[in-house]
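Peer 1: If you use the numbering used here, the sequence shown corresponds to residues 31 to 680, in order.
It is possible that part of the hints are untrue.
Label pairs and their calculated CB-CB ranges [stated by the list, open to error]:
1) D164 <-> R414: 21 to 31 Å
2) R510 <-> G479: 18 to 28 Å
3) D558 <-> P389: 19 to 29 Å
4) D439 <-> S367: 38 to 48 Å
5) R602 <-> R193: 34 to 44 Å
6) M91 <-> S518: 38 to 48 Å
None of these hints come from the bench; they were simulated from the model.
C-beta atoms are modelled at their ideal positions from N, C-alpha and C, and glycine is treated no differently.
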Amino acid sequence: MNEQDRIDDLEALDDQPVTRPGHGPALPRRSVLKGGLGAAVAGFFTAPLAGCGQSGSSPAMPLIGFSPLPPQTNMTFDRVHVPEGYSARVLYAWGDPIRQGAPAWQADGSNDWQQQMQQAGDNHDGMHFFPFDDSPNQRGLLVINHEKVALNFLHPQGPTFTRDANGRRQRPEAEVKKEQAAHGVSVIEVRRSEDGQWQREMDSRYNRRITGMTAMALRGPAAGTDALKTASDPQGTTVLGTIANCAMGFTPWGTYLTCEENWPNYFVNRDQHDYRQRVAHQRYRLSQGDNSKYFAWESVDLRFDATPYPEQPHGGHVNEPNRFGWVVEIDPFDPHSTPIKRTAMGRLVRECATPSVGPDGRMAFYFGDDTRGEYIYKFVPAGRYQPDNRAANRHLLDEGALYVGVFGDKGKGQWKPLVFGEGPLTEANGFSGQAQVLIEARRAADLLGATTMDRPEWVAVKPDNREVYVTLTNNDQRGRRDDQPINSANPRWDNQHGHILRWREQDDDPAATTFQWELFMLAGYPQDADVPANQIGTIQGDIFSSPDGLWFDPQGRLWIETDYDEDSPDHRAMGTNQLLCANPYSGEVKRFLVGPKGCEVTGITGTPDGTTLWINIQHPTLSFPASDGVTRPRSATVVITRDDGGVVGS
Numbered sequence: 031m032n033e034q035d036r037i038d039d040l041e042a043l044d045d046q047p048v049t050r051p052g053h054g055p056a057l058p059r060r061s062v063l064k065g066g067l068g069a070a071v072a073g074f075f076t077a078p079l080a081g082c083g084q085s086g087s088s089p090a091m092p093l094i095g096f097s098p099l100p101p102q103t104n105m106t107f108d109r110v111h112v113p114e115g116y117s118a119r120v121l122y123a124w125g126d127p128i129r130q131g132a133p134a135w136q137a138d139g140s141n142d143w144q145q146q147m148q149q150a151g152d153n154h155d156g157m158h159f160f161p162f163d164d165s166p167n168q169r170g171l172l173v174i175n176h177e178k179v180a181l182n183f184l185h186p187q188g189p190t191f192t193r194d195a196n197g198r199r200q201r202p203e204a205e206v207k208k209e210q211a212a213h214g215v216s217v218i219e220v221r222r223s224e225d226g227q228w229q230r231e232m233d234s235r236y237n238r239r240i241t242g243m244t245a246m247a248l249r250g251p252a253a254g255t256d257a258l259k260t261a262s263d264p265q266g267t268t269v270l271g272t273i274a275n276c277a278m279g280f281t282p283w284g285t286y287l288t289c290e291e292n293w294p295n296y297f298v299n300r301d302q303h304d305y306r307q308r309v310a311h312q313r314y315r316l317s318q319g320d321n322s323k324y325f326a327w328e329s330v331d332l333r334f335d336a337t338p339y340p341e342q343p344h345g346g347h348v349n350e351p352n353r354f355g356w357v358v359e360i361d362p363f364d365p366h367s368t369p370i371k372r373t374a375m376g377r378l379v380r381e382c383a384t385p386s387v388g389p390d391g392r393m394a395f396y397f398g399d400d401t402r403g404e405y406i407y408k409f410v411p412a413g414r415y416q417p418d419n420r421a422a423n424r425h426l427l428d429e430g431a432l433y434v435g436v437f438g439d440k441g442k443g444q445w446k447p448l449v450f451g452e453g454p455l456t457e458a459n460g461f462s463g464q465a466q467v468l469i470e471a472r473r474a475a476d477l478l479g480a481t482t483m484d485r486p487e488w489v490a491v492k493p494d495n496r497e498v499y500v501t502l503t504n505n506d507q508r509g510r511r512d513d514q515p516i517n518s519a520n521p522r523w524d525n526q527h528g529h530i531l532r533w534r535e536q537d538d539d540p541a542a543t544t545f546q547w548e549l550f551m552l553a554g555y556p557q558d559a560d561v562p563a564n565q566i567g568t569i570q571g572d573i574f575s576s577p578d579g580l581w582f583d584p585q586g587r588l589w590i591e592t593d594y595d596e597d598s599p600d601h602r603a604m605g606t607n608q609l610l611c612a613n614p615y616s617g618e619v620k621r622f623l624v625g626p627k628g629c630e631v632t633g634i635t636g637t638p639d640g641t642t643l644w645i646n647i648q649h650p651t652l653s654f655p656a657s658d659g660v661t662r663p664r665s666a667t668v669v670i671t672r673d674d675g676g677v678v679g680s
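Could you put the whole structure together from the sequences, leaning on the hints where they help?
Peer 2: Okay, structure coming up:
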């Protein structure tokens, strides 16, 4: 097994839960019968949520006017395919120069780490389009996450791993630095030319790479506390880099929110006794072996060795993991600005930070903790958004209330606040203050009785009524583990294919503490399929599995991206990963795009008028985008337009 295959196997375990007592017994498999889940969602596809406070007439059902594609089951497929009448073109691939004069990508992987700092990062993921006010559908900034690296392709001959006298894996410094440089975020300016084609503005002053080595500020309640101080940063206010940047969010004042997801896999704590006592490590499942789970960066960069060293200031870098797992705010319109990690929003294995803004300026940011059996959260800033005062909004994310969701029976929901001194979040339960509550947000949510979910990933807010949708990608442990019993919001035993859930806040107020929820759609096979009962879904239209990326376009169509193992026997009929379009009222689902073998389809955004769509193709395994059977594959951003210039999806 090569090193990338080993890491891929570990990645499949990224979202495994930590056992937590007190969640009740698991239900037996026979409790879920074939066809028995239809009642859980029946009646909700034809109209908005009943009794959720909607006023006025319902918005028109958005037209889904394209001819859907069949699943792509050819496992040598190495392209992106869209419906007739549409075009898809690669705009920005791993290794492309970030600006005029930056080094070109070398097809043999020989670019060094200094060159990689000036090139597109790897594994494109979440992204957002920030239009310019004077030409919002013709020009703007595209901001793109780079979640991780494909080791076998990043380096010419693959990664170099050796062993020291203690059997620990060792890495060359140059390789580690290149991997860190390939993480993070890209900011690129794009413009639609007179012929309707989108081009990059290579000489734009906004073009910028933010990497795993970029200096960032820590702000909010945890900044400057002892738990964030290290030998390298005794003040606890500056951290180098952002990593594991999966999904994202944005603010109404025009900043980008990148979210740090699988950061625990980059750290190791070799002190077994300390690990068992240190909840900030244990509850997030840092490695406790000889090395970190992924790349062994700790052999070169001591920040990633979270083993306590009492002889060093602040125990060395034992607190470094506490400096990751945050929402990072980036101002794409100020290329000289310092990114800020906002600790008020809590420390999680976070997918996204999706905003909802009420008419009075009250806001909420929704996110999931992407691990089997973890929770859904929202953050409500203390202040209100002021549309005409960008400076007043700049640090709104430093103060506010973090809540965790309880999805009760009969569609009743409640948000419980993670506030020191309230309920069980007291010194008696090991919390010294609000900073510790935020650093150990998972443990705080445990004590509040939050509802365990099936890997909550992306959140989308419906633009006309602030209805909230979340993808629950899958959970093969549901009903198998005592701490993950079947519950009304996650009703399927051994949930191989995932589902989408939605809710409405009381009075449509983003800051409300109660809500009404329902299951929108169970992914999987149709009712008459010859598959086990737990693989039957409720899709009205084209089948899919493992919904991941989620986004509403300006006209109200719900776009769904998938991330499943196409080689698995349970998924082969699904074909390669795909992009689908759903009507949130009728429940109609049509397959719009199929991706190349091995990819995840992710990162979706578009222009305000709906005539352009961007998506990301992450970790293809053959030779995309060259698609020549020879060139090493590259993650890439793809731009999609209708040939007649019309609205995508209509």
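Peer 1: State for each hint whether it applies.
Peer 2: Quick rundown of the hints versus the structure:
Under the hint 21 to 31 Å, the C-beta atoms of D164 and R414, about 27 Å apart, fit the expected range. Against the hinted window of 18 to 28 Å, the Cβ-Cβ separation of R510 and G479 comes to about 21 Å, which satisfies the hint. The hinted window of 19 to 29 Å between D558 and P389 is violated, with their beta carbons roughly 46 Å apart. Remark: the range hint 38 to 48 Å for D439 to S367 is upheld by a beta-carbon distance near 46 Å.
Distance hint check for R602 and R193: the Cβ-Cβ separation is about 38 Å, which falls inside the suggested range of 34 to 44 Å. The hinted window of 38 to 48 Å between M91 and S518 is violated, with their beta carbons roughly 27 Å apart.
The structure does not agree with the numbered hints 3, 6 stated previously, though it agrees with the rest.
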